[in-house]
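*Asks:* Sequence:
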Amino acid sequence: MRETHYATQQELNEQFAARIAHILQNSIARQGRASLLVSGGRTPVGLFEILSQADVDWSNVDVSLADERWVSADDEASNEKLVRTHLLKNNAAAAHFVSLTTTAADANDAITEVTERVNAMARPFDVLILGMGEDGHTASLFPCSEQIKAGLDMHSGQTLIAVQPTTAPHQRISLTLPALLNSRNIFLHLTGDKKKAVLDQALSADDSLEMPIRAVLQNADVELIWAA
Numbered sequence: 001m002r003e004t005h006y007a008t009q010q011e012l013n014e015q016f017a018a019r020i021a022h023i024l025q026n027s028i029a030r031q032g033r034a035s036l037l038v039s040g041g042r043t044p045v046g047l048f049e050i051l052s053q054a055d056v057d058w059s060n061v062d063v064s065l066a067d068e069r070w071v072s073a074d075d076e077a078s079n080e081k082l083v084r085t086h087l088l089k090n091n092a093a094a095a096h097f098v099s100l101t102t103t104a105a106d107a108n109d110a111i112t113e114v115t116e117r118v119n120a121m122a123r124p125f126d127v128l129i130l131g132m133g134e135d136g137h138t139a140s141l142f143p144c145s146e147q148i149k150a151g152l153d154m155h156s157g158q159t160l161i162a163v164q165p166t167t168a169p170h171q172r173i174s175l176t177l178p179a180l181l182n183s184r185n186i187f188l189h190l191t192g193d194k195k196k197a198v199l200d201q202a203l204s205a206d207d208s209l210e211m212p213i214r215a216v217l218q219n220a221d222v223e224l225i226w227a228a
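Note that the UniProt record's numbering gives residue 87 to position 87 of the sequence shown, counting from 1, and the numbers run on in steps of one.
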């Protein structure tokens with residue numbers, strides 16, 4: 001794992017947004033479109049605000065999520081709502097957003113439809129930005145869930161999986177490990193000493209079922225983007 005540390009979160013947001021914009025614009029120049037997968041939570045809000053103003057041909061960018069809570073898009077818990085509020089505005093309003101939700105009551109019943117949407121995006125994904133929970137989960141690959149082995153199975157052939165965590169609210173839909181790893185640039189975006197301590201714990205052992213972030217770190221060239 002490579003590491004890039006910043007003195008402040010503001011510096012991180014500004015510099016990281018510039019890097020993402022550069023990658024996306026280069027991908028558009030090379031292949032006509034670019035793809036960006038982001039994660040929810042509080043950590044990326046400042047990044048999204050700055051990235052939304054970047055000078056990118058956003059009309060040729062597909063934006064989606066690494067995972068989503070199975071709630072309506074206007075629910076406060078919705079990652080889609082977070083992205084629409086903080087990223088898909090200003091210049092980035094022209095981007096094409098690929099939603100991970102449907103009107104189905106159960107995420108299991110939406111896998112086929114959402115998989116078709118995600119598979120239509122430019123692959124490999126040009127930029128994947130992951131977060132990490134204090135239990136070592138990433139995307140919605142939770143160590144507490146019955147679905148964790150299926151989610152980490154590199155030979156499943158599945159792009160998405162429905163997940164029911166036992167230590168967090170809401171059913172989820174998540175990209176599987178092989179789908180996440182099908183990315184040219186994988187970033188782990190963390191802030192604060194507590195998350196850095198969790199990452200250090202993840203790096204100290206190998207059991208990916210205990211801390212699923214280990215599966216990403218063990219199978220991909222990941223760059224940590226961190227600030228206190």
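Be aware that one or more of the hints could be misleading.
Derived CB-CB ranges, DEER-like [stated by the list, open to error]:
| hint | residue 1 | residue 2 | range |
| --- | --- | --- | --- |
| 1 | His170 | Arg2 | 14 to 20 Å |
| 2 | Ala197 | His155 | 30 to 36 Å |
| 3 | Leu203 | Ala105 | 37 to 43 Å |
| 4 | Thr166 | Ala104 | 37 to 43 Å |
| 5 | Asn108 | Asn182 | 32 to 38 Å |
Lysine-lysine pairs mimicking DSSO-like chemistry, simulated, CA-CA at most 30 Å apart [said to hold, decoys possible]:
| hint | residue 1 | residue 2 |
| --- | --- | --- |
| 6 | Lys81 | Lys194 |
| 7 | Lys195 | Lys149 |
| 8 | Lys149 | Lys194 |
| 9 | Lys195 | Lys81 |
| 10 | Lys149 | Lys196 |
| 11 | Lys195 | Lys89 |
| 12 | Lys196 | Lys81 |
It is worth saying that the hints were derived from the structure and are not from the lab. It should be emphasised that the depicted structure is a prediction, and the values quoted were computed from it without experimental measurement. Even glycine gets a Cβ: it sits at the ideal position worked out from N, Cα and C.
*Asks:* Flag every earlier hint the structure violates by its number, smallest first.
*Replies:* As far as the earlier hints go, 1, 4 and 5 are violated by this structure, in ascending order.
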